[in-house]
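Visitor: Sequence:
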Amino acid sequence: MFKIEIIAVARIKKGPYADLSEEYCKRIRWPLDIREIDARPSSMDQAQAEEELKILKSLKPDAIKIALDERGETLSSTQFAKILGGYRDEGAGTLQFIIGGADGLTSQIRSQTQKQISFGRQTWPHLLARIMLLEQIYRAQQILSGHPYHRE
Numbered sequence: 001m002f003k004i005e006i007i008a009v010a011r012i013k014k015g016p017y018a019d020l021s022e023e024y025c026k027r028i029r030w031p032l033d034i035r036e037i038d039a040r041p042s043s044m045d046q047a048q049a050e051e052e053l054k055i056l057k058s059l060k061p062d063a064i065k066i067a068l069d070e071r072g073e074t075l076s077s078t079q080f081a082k083i084l085g086g087y088r089d090e091g092a093g094t095l096q097f098i099i100g101g102a103d104g105l106t107s108q109i110r111s112q113t114q115k116q117i118s119f120g121r122q123t124w125p126h127l128l129a130r131i132m133l134l135e136q137i138y139r140a141q142q143i144l145s146g147h148p149y150h151r152e
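According to the numbering used here, the stretch in the sequence shown is residues 1 to 152, in order.
I should point out that these hints are in silico values taken from the structure, not numbers from a laboratory.
Positions of the beta carbon are idealized from the N, C-alpha and C atoms, including for glycine.
There's no promise every hint is true.
[Stated by the list, open to error] Derived pair list, reagent style DSS-like, types lysine-lysine, alpha-carbon separation capped at 25 Å:
#	residue 1	residue 2
1	Lys14	Lys82
2	Lys60	Lys14
3	Lys13	Lys82
[Stated by the list, open to error] Derived DEER-like restraints, expressed as beta-carbon distance ranges:
#	residue 1	residue 2	range
4	His147	Arg40	23 to 31 Å
5	Ser76	Ala49	18 to 26 Å
6	Arg35	Gln108	13 to 21 Å
7	Glu152	Asp38	33 to 41 Å
8	Ser107	Met1	38 to 46 Å
9	Pro148	Thr123	17 to 25 Å
10	Thr123	Ser145	31 to 39 Å
11	Lys3	His147	35 to 43 Å
12	Asp103	Arg29	28 to 36 Å
13	Arg40	Tyr17	26 to 34 Å
14	Asp62	Pro148	32 to 40 Å
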């Protein structure tokens, strides 16, 4: 069965991000799990190393892994939907999206992924990137089902 997991650094606290996250999670019909990585480093230098360790422990060997990374490929919503639909139709079990913290993802994590995508050349806060990803997953689902939510 096709399942989506989002591995994301930082917890969403109550407020607008939490409200939007909850709304999109309700709308998405594919099984969805959000795994929040809570890194509490003793120093800023250790933050990315601790995040890397926790993210790597969360990766499933048989999952398709997609990193959200500023160096990744920029896709239209339709292209994103085709990628998700392709994985679904090929029988991919679990699709894991990985969102790093303020300093992004390490090269070790990026090397574990099959694909790297970007939401453009601008820098986005990682909590907002998570909301954008949820919206794009929902939009992809609507595109693949022929629903008029998405307009070209």
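Visitor: CB of Ser76 to CB of Ala49, is that within 18 to 26 Å?
Guide: violated, 35 Å
Visitor: Determine whether the Cβ-Cβ distance between Thr123 and Ser145 falls within the hinted range of 31 to 39 Å.
Guide: The hinted range 31 to 39 Å holds for Thr123 and Ser145, with Cβ atoms some 33 Å apart.
Visitor: Take a look at whether the Cβ-Cβ distance between Asp62 and Pro148 falls inside 32 to 40 Å.
Guide: holds, 35 Å
Visitor: If I claimed the Cβ atoms of Glu152 and Asp38 lie 33 to 41 Å apart, would that claim hold in this structure?
Guide: Because 40 Å falls inside the window, the suggested range holds.
Visitor: Take the C-beta atom of His147 and the C-beta atom of Arg40, compute their distance, and say whether it sits inside 23 to 31 Å.
Guide: violated, 41 Å
Visitor: With 26 to 34 Å as the target window, see if Arg40 and Tyr17 comply at their CB atoms.
Guide: Violated: the Cβ-Cβ distance is about 20 Å, outside 26 to 34 Å.
Visitor: Confirm or reject the claim that Arg35 and Gln108 have a C-beta distance inside 13 to 21 Å.
Guide: The hint (13 to 21 Å, Cβ to Cβ) holds, given that Arg35 and Gln108 are roughly 18 Å apart.
Visitor: Could one say that the CB atoms of Asp103 and Arg29 fall in the range 28 to 36 Å?
Guide: Once the Cβ atoms are compared, 34 Å apart, the range 28 to 36 Å for Arg29 and Asp103 holds.
Visitor: Going straight from one Cα to the other, do Lys14 and Lys82 come out at no more than 25 Å?
Guide: violated, 33 Å
Visitor: Is the straight-line distance between the alpha-carbon of Lys13 and that of Lys82 25 Å or less?
Guide: violated, 32 Å
Visitor: Does 38 to 46 Å hold as the CB distance between Ser107 and Met1, or does it fail?
Guide: Since the Cβ atoms of Ser107 and Met1 sit about 32 Å apart, the hinted range of 38 to 46 Å is violated.
Visitor: With the threshold set at 25 Å, check whether the alpha-carbon distance from Lys60 to Lys14 stays at or below it.
Guide: violated, 29 Å
The structure fails hints 1, 2, 3, 4, 5, 8, 9, 11 and 13 (numbered hints given earlier, in ascending order).
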